[in-house]
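Undergrad: As a plain string of letters, each chain reads:
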Amino acid sequence: MVTNNFEYFAPESFDEAAQLLAKYRDTAKILAGGQSLLPIMKLRLAAPEVLIDLSHVPELSEISSNGDGLTIGSMATYYELSQSAVVQKAAPAIAEAAGQVADVQVRNRGTIGGSLSHSDPAGDMPAVFLALNGAAVARTRRGTREIASDRFFVDLLTTALRPTEIMTQIKIPVATGKTGSAYSKFENKASHYAIAGVAAQVTLGSDGTVTAARVAVTGVSSKSTRAKRTERILIGKEPTASVIRRASDRAAAELQDDLTEDIHASGEYRSYLATVIAERAITAAVERAR
Amino acid sequence: MPNEITVTVNGTEYTDTVEARQLLSDYLRETLGLTGTHLGCDTSSCGACTVLVDGQSAKSCTLLAVQANGHSVTTIEGLATDGELHPVQAAFREEHGLQCGFCTPGMMISVAQLLDRNPNPTETEIREGIGGNLCRCTGYHNIVKAAQTAARSI
Ligand SMILES: Cc1cc2nc3c(=O)[nH]c(=O)nc-3n(C[C@H](O)[C@H](O)[C@H](O)COP(=O)(O)OP(=O)(O)OC[C@H]3O[C@@H](n4cnc5c(N)ncnc54)[C@H](O)[C@@H]3O)c2cc1C
Ligand code: FES
Ligand code: FES
Chain A
8 MVTNNFEYFA
18 PESFDEAAQL
28 LAKYRDTAKI
38 LAGGQSLLPI
48 MKLRLAAPEV
58 LIDLSHVPEL
68 SEISSNGDGL
78 TIGSMATYYE
88 LSQSAVVQKA
98 APAIAEAAGQ
108 VADVQVRNRG
118 TIGGSLSHSD
128 PAGDMPAVFL
138 ALNGAAVART
148 RRGTREIASD
158 RFFVDLLTTA
168 LRPTEIMTQI
178 KIPVATGKTG
188 SAYSKFENKA
198 SHYAIAGVAA
208 QVTLGSDGTV
218 TAARVAVTGV
228 SSKSTRAKRT
238 ERILIGKEPT
248 ASVIRRASDR
258 AAAELQDDLT
268 EDIHASGEYR
278 SYLATVIAER
288 AITAAVERAR
Chain B
1024 MPNEITVTVN
1034 GTEYTDTVEA
1044 RQLLSDYLRE
1054 TLGLTGTHLG
1064 CDTSSCGACT
1074 VLVDGQSAKS
1084 CTLLAVQANG
1094 HSVTTIEGLA
1104 TDGELHPVQA
1114 AFREEHGLQC
1124 GFCTPGMMIS
1134 VAQLLDRNPN
1144 PTETEIREGI
1154 GGNLCRCTGY
1164 HNIVKAAQTA
1174 ARSI
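Sequence lines, in order, name chains A and B. No gaps in the numbering here: position 14 of the first sequence is 21 in the numbering used here, and each next residue is one more. No gaps in the numbering here: position 39 of the second sequence is 1062 in the numbering used here, and each next residue is one more.
Chain A with its partners taken away, still in its complex shape (with noise of 0.2 Å):
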């Protein structure tokens, strides 16, 4: 199979790949990993005129911390994630998430950026970015503005970024406290995407008490989204077996009108797996706060 015919470019900085888009808009495309966006063109789904490569752009890779909190240059691949002391000491629900995509072919290529950017509604990326309140910053030739995570994913496939922005970083805020992040998921078997996933992240009070908890879910509906009740249920309560039995319970809560159904399982048993999914998440993310 072959993509449609395309021009394509591999600028080796950023403003210059910023011109390239800002000159073809919306019949180009970004390049990160390729590994959506090439077989969504094999398949002729997609068809841009244009390809515009970032992996000759140094410092998109870059991943870094401090008093605020972890700056992950967009084209940071799965696998640089997954091993990254930085990101394991800062953020271990990222390197936990990005151990957990694909294989390890897809994991050696697949960006963060290009993960987020293509919102996919099983992708494992954004529940963790949700979960982990970030930013997405996102540049044209002309400005820079940041997308908190819970204004950047708009529908399936599609999230805020227009048609000129690059997205050039993640931003994760310090976690302050008593704080513990997790991700799981129930996969499906051949191509490892998420049946249903949850990232969780929870932070406690000196009394033991839950302060603040971010709970996302993916895999289950049109796009990865925050599970509200589950955390307005933990909030407050000291995080007991049965206080986050009972919260997990409303994971697929307020996804019951947008349930995915396809040949690998029925809305029903993804909202039933997010609820054991959430379970497994928020008990792992209470042990690490604690």
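Be a bit skeptical, because a hint or two may be false.
Quick list of simulated restraints, FRET-style, between CB atoms [as the list claims (entries may be wrong)]: (1) B:Ser1176 x A:Val93: 45 to 53 Å; (2) B:Gly1124 x A:Gln263: 45 to 53 Å; (3) A:Lys244 x B:Ser1095: 53 to 61 Å; (4) B:Thr1066 x A:Ile242: 26 to 34 Å; (5) A:Asp22 x B:Ser1095: 42 to 50 Å; (6) A:Pro170 x B:Cys1064: 29 to 37 Å; (7) A:Asp22 x B:Asp1039: 55 to 63 Å; (8) B:Gly1124 x A:Lys96: 38 to 46 Å; (9) A:Asp269 x B:Gly1124: 28 to 36 Å; (10) B:Arg1140 x A:Ser198: 19 to 27 Å; (11) B:Ser1176 x A:Val181: 40 to 48 Å; (12) B:Thr1035 x A:Val181: 29 to 37 Å; (13) B:Arg1175 x A:Arg148: 54 to 62 Å.
Residues from chain A that keep clear of chain B, each with C-beta distances beyond 10 Å, as calculated [unchecked claim]: (14) Asn11; (15) Gln42; (16) Leu50; (17) Gln112; (18) Val113; (19) Arg148.
In short, the hints are calculated from the structure, not lab data. Backbone N, C-alpha and C fix where the C-beta goes; we use that ideal spot for every residue, glycine too.
Put chain B with the ligands on the given structure of chain A with help from the hints.
TA: Same frame as chain A, but now just chain B with the ligands:
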């Protein structure tokens, strides 16, 4: 759109003009005649087309030849050195880690990648390491044994 690329494949540098849309798998098989890289599904799933790009495994059906420009590619033909089988190849022969052989080139590249990163893998780590490679024949049992034998001999 024609593009000039320079790629080092199995130690030899090639410069060719390719269409932007030419896949690395097609470049290897059709332009260079290296048909050891197999195409199974052509949809990023089976791993038969796996090669190393700068030492990192990738599905060559999901990579453009232009993306390999300036990089170094190792295919199954490049695994042996000076007529000596690579320890992974020797172990596949020893343990009968193949039946029809279709998945084998990609499978061996994945095992080589695994042992390069993790010289002493557990059985679970081996199964995870070949998670992107499908085999229709063996049930994986002898492939796992071959990986264990290769790990011992490296
Ligand atoms: C066999 C297989 C199994 C998989 N299993 C999983 C899985 O288990 N879990 C999972 O989460 N994913 C899975 N994936 C998808 C994989 O994670 C993709 O790598 C990821 O979704 C896209 O990242 P990429 O770097 O490859 O982006 P690309 O495919 O290059 O790009 C994807 C989209 O994002 C846009 N884009 C990319 N980078 C930017 C940027 N910096 N700024 C603006 N736009 C950008 C592109 O234009 C394109 O529209 C799987 C893929 C395959 C082939
Ligand atoms: S032929 Fe490339 S993954 Fe199957
Ligand atoms: S030996 Fe036949 S597919 Fe693996």
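Undergrad: Using the Cβ atoms, figure out if Lys244 of chain A sits within 53 to 61 Å of Ser1095 of chain B.
TA: holds, 56 Å
Undergrad: Could one say that the CB atoms of Ser1176 of chain B and Val181 of chain A fall in the range 40 to 48 Å?
TA: holds, 47 Å
Undergrad: Gln112 of chain A: least C-beta distance to chain B exceeds 10 Å?
TA: violated, 5 Å
Undergrad: Kindly confirm whether 45 to 53 Å is satisfied by the beta carbon distance between Ser1176 of chain B and Val93 of chain A.
TA: Because 35 Å falls outside the window, the suggested range is violated.
Undergrad: Do Asp22 of chain A and Ser1095 of chain B keep their Cβ atoms within the hinted range of 42 to 50 Å?
TA: violated, 28 Å
Undergrad: State, for the Cβ atoms of Asp269 of chain A and Gly1124 of chain B, whether the hinted interval 28 to 36 Å holds or is violated.
TA: With a Cβ separation near 34 Å, Asp269 of chain A and Gly1124 of chain B satisfy 28 to 36 Å, so the hint holds.
Undergrad: Would you say the C-beta atoms of Gly1124 of chain B and Lys96 of chain A sit inside 38 to 46 Å of each other?
TA: holds, 45 Å
Undergrad: Over 10 Å from every CB of chain B: does Asn11 of chain A meet that, or does the non-interface label fail?
TA: violated, 7 Å
Undergrad: Is 29 to 37 Å right for how far apart the beta carbons of Thr1035 of chain B and Val181 of chain A are?
TA: violated, 49 Å
Undergrad: Between Arg1175 of chain B and Arg148 of chain A, is the Cβ distance one that fits in 54 to 62 Å?
TA: Given about 56 Å between the Cβ atoms, the range holds.
Undergrad: Cβ-Cβ distance between Asp22 of chain A and Asp1039 of chain B: within 55 to 63 Å?
TA: violated, 30 Å
Undergrad: Closest CB-CB distance from Leu50 of chain A to chain B, is it above 10 Å?
TA: violated, 8 Å
Of the hints listed earlier, those the structure fails to meet are numbers 1, 4, 5, 7, 12, 14, 15, 16, 17, 18, in rising order.
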